[in-house]
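So the protein sequences, as listed, match chains A and Y.
Under my numbering, the residues of the first sequence are numbered 1 to 309, in order.
Under my numbering, the residues of the second sequence are numbered 1 to 338, in order.
Quick caveat, the hints were computed from the structure, so don't treat them as lab data.
None of these values were measured; they are calculated from a predicted model.
Idealized CB from N, CA, C, for every residue including glycine.
Among these hints, one or two may not hold up.
Between beta-carbon pairs, the in silico distance windows are [as the list claims (entries may be wrong)]: (1) Met55(A) <-> Ser153(Y): 30 to 36 Å; (2) Asp116(Y) <-> Gly71(A): 55 to 61 Å; (3) Leu11(A) <-> Ala236(Y): 36 to 42 Å; (4) Leu39(A) <-> Gly196(Y): 17 to 23 Å; (5) Ile152(Y) <-> Leu76(A): 34 to 40 Å; (6) Leu64(Y) <-> Phe129(A): 34 to 40 Å; (7) Phe129(A) <-> Ala112(Y): 35 to 41 Å; (8) Trp67(Y) <-> Thr74(A): 55 to 61 Å; (9) Phe129(A) <-> Thr246(Y): 44 to 50 Å.
No more than 27 Å apart at the CA atoms, straight line, and that leaves these computed lysine-lysine pairs for DSSO-like [as the list claims (entries may be wrong)]: (10) Lys124(A) <-> Lys72(Y); (11) Lys235(Y) <-> Lys247(Y); (12) Lys212(A) <-> Lys226(A); (13) Lys74(Y) <-> Lys124(A); (14) Lys215(A) <-> Lys226(A).
Coverage of chain A stretches by chain Y, computed from C-beta distances (three or more under 8 Å per stretch; other residues unrestricted) [to be verified]: (15) 9 to 18; (16) 27 to 34; (17) 134 to 143; (18) 151 to 159; (19) 237 to 245; (20) 275 to 282.
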Amino acid sequence: MHKYIGRRILLLLPVLIGVSFIVFTMMYITPGDPAAIILGEQAADREIQMLREQMGLNDPFIVQYGRFARGVFTQLDFGRSWTTRAFVFDEVFNRFPTTLTLAATGVLVAVLIGIPVGIISATKQYSLFDNIAMVFALLGVSIPNFFFGLMAIIIFSVWLGWFPSSGYSSPMHMILPAITIGTGSAAMVTRMTRSSMLEVIRQDYIRTARAKGQKESVVINRHALKNALIPVVTVVGLSFGYLLGGAVLTERVFSINGIGNLMVASIQERNYPMVQGGVLFIAFTFSVVNLFVDILYAFIDPRIRAQYK
Amino acid sequence: MSNTTDGTKAKESTRNRPTVKHPSSQTEIESLGHEQPYEGQERNPDAPADIHEIKPRKRKSQWLEVWQRLIKNKAAIVGGILLLILIFSAIFADFIAPYAYDFQNPQFTRQAPSSDFWFGTDHLGRDVFSRVVYGSRISIQVGFIAVGIAMISGGILGSISGYYSGRIDNVIMRLMDVLLAIPGILLAISIAAALGPGLVNIMIAVGISSIPRYARIVRASVLSLRDQEFVEAAKAVGANDFRIITKYIIPNAMAPIIVQSTLGVAEAILSAAGLSFIGLGIQPPIPEWGAMLSQARTYLRDSPHMSIFPGLAIMFTIFALNLLGDGLRDALDPRLKG
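Excised from the complex, chain A in its bound form:
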């Protein structure tokens, strides 16, 4: 088990370096001279040249990347904002709890809706409940979360006045964004739980459990669910990363001051280090989350654990 965890952590490192390389390359090919953007339109040529030299922009690509990677991996230095000269990492990290909370509440919504509905759908396949649930699941996958958010604001804050429409300062503020960001994943988790349950229910050991006279609730909850949850864990883990990405749009809809909104604002003022810093930070988080999911996987599934004994 330790060997497995150690191996997975070692495999994470090249991926992180790769991500930093891609993100840096993207910033490098972005048109426009960073020095000119920082100094503004009135800057003299000589000043721009001096800043270019100072920032090391005249160095070869690989030297620049080396400097960037060293900063990122040894000092958590993601570069500096072109507009305020603040450290990108600090700005992004300050907003990280907000984005993380948003994504986590979204996952909570997805799990709380998706798993029970998926189980009931599978145990009562082709029933009215199943059919309605599947139509809603498909609609849930199809609705863009920014549109869902706008509709939620119209209905629940403008018409009914139950929830505030923007901000993120109290639990009441968190409900609409959580539902908005979680709906798509809830639909995915429902579909996955259902199909995984259906597959497990047809297995021989379930028939055995029933044959020995086990109560149906025990058969479903103990024998079937435990085995059916393995692929569901993957979907939940993946959707956490997906939600960190989706947070960009949801934060925009509800004016939540997270990483996503920071990135959108930075895009508009062409402050690319901030955009890339946000991407880098979320990609790192996503990779770490995936690592946890993989390890969790080994804990749930003895077959995987056995491979690494």
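With chain A held as given, fit chain Y onto it using these hints.
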């Protein structure tokens, strides 16, 4: 020619006789014989024309079977019809839309839906219905071209990776792992931010960000087909690698690619709308649904119709593609049906 027709006639009469005599026992054997031309040849060495008659029938029947399974699926039919309506409105937008998409009518700004303006008007007095209709053009273009970019690049990378294995496989797949480590929409955002706004850049950004998925699917298929006997046979005949991959492997790996691209078009449209929504995508006055939602957000309280209709348009497009994609998956591989 006359000889062969005589031959087939003679053969058919000999063939048909037993089926007529013992319909219950012989029909099965006869139909099997139809699918395997070599058996027929053994029985009638004088009639080689028979082989040419049978071969295309077998190829067709595989896709025919898929088609028959697909049209039995009501959900897939609904999806297909919705999609056809969308394509129809994209092609004939000039005839369907009552106004030009950029026609501004300052007297009628932010009007609620009425008989003159079915979906109301926006903050500049433009007809929302017309803009939604024209918007289908943009979304279809973005969806299909982005998927095209992803499918072709991902397909090439995946084929090379799966066919040659070894070091090149390792390099390509590790690169794909790295790309997959960045959530899709964020990758699209950072590419789009680097390239700048615009329709073409959006297609490229969304396309590149979904390359890894196609590469993985194609690689898996190629890997499973690479050592099959028909590939070996092609190698023995002297076909080069390019020919083997394009003529023998890819056609047999089409099923998962078709399913993934149908669902992929939906995702591409969704991502593109998302990019436009945060201001990275298509620039005004081009009527892109996501961009329309972005503008409508300001007027959410007083003019909700401005956001409802473009949003519904996105939703139904994605819904249709998902229905069709699910149906295609079930039809192409009935074993996967859950």
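Each hint tested on the structure:
1. Met55(A) <-> Ser153(Y): 30 to 36 Å: 33 Å, holds
2. Asp116(Y) <-> Gly71(A): 55 to 61 Å: Once the Cβ atoms are compared, 60 Å apart, the range 55 to 61 Å for Gly71(A) and Asp116(Y) holds.
3. Leu11(A) <-> Ala236(Y): 36 to 42 Å: Roughly 40 Å apart at Cβ, these two residues keep to the hinted range, so it holds.
4. Leu39(A) <-> Gly196(Y): 17 to 23 Å: 21 Å, holds
5. Ile152(Y) <-> Leu76(A): 34 to 40 Å: 39 Å, holds
6. Leu64(Y) <-> Phe129(A): 34 to 40 Å: Holds: the Cβ-Cβ distance is about 36 Å, inside 34 to 40 Å.
7. Phe129(A) <-> Ala112(Y): 35 to 41 Å: 37 Å, holds
8. Trp67(Y) <-> Thr74(A): 55 to 61 Å: For Thr74(A) against Trp67(Y), whose Cβ atoms are near 59 Å apart, the range 55 to 61 Å holds.
9. Phe129(A) <-> Thr246(Y): 44 to 50 Å: 48 Å, holds
10. Lys124(A) <-> Lys72(Y): 23 Å, holds
11. Lys235(Y) <-> Lys247(Y): 12 Å, holds
12. Lys212(A) <-> Lys226(A): With Cα atoms ~19 Å apart, Lys212(A) and Lys226(A) stay inside 27 Å; holds.
13. Lys74(Y) <-> Lys124(A): 21 Å, holds
14. Lys215(A) <-> Lys226(A): Within the cut-off at roughly 16 Å; holds.
15. 9 to 18: holds (count 4)
16. 27 to 34: holds (count 4)
17. 134 to 143: Coverage by chain Y holds here, the residue count being 5 at a Cβ distance below 8 Å.
18. 151 to 159: Check passed, 4 qualifying residues.
19. 237 to 245: holds (count 4)
20. 275 to 282: Our answer is that it holds, as 5 residues pass the Cβ test (under 8 Å) against chain Y, meeting three.
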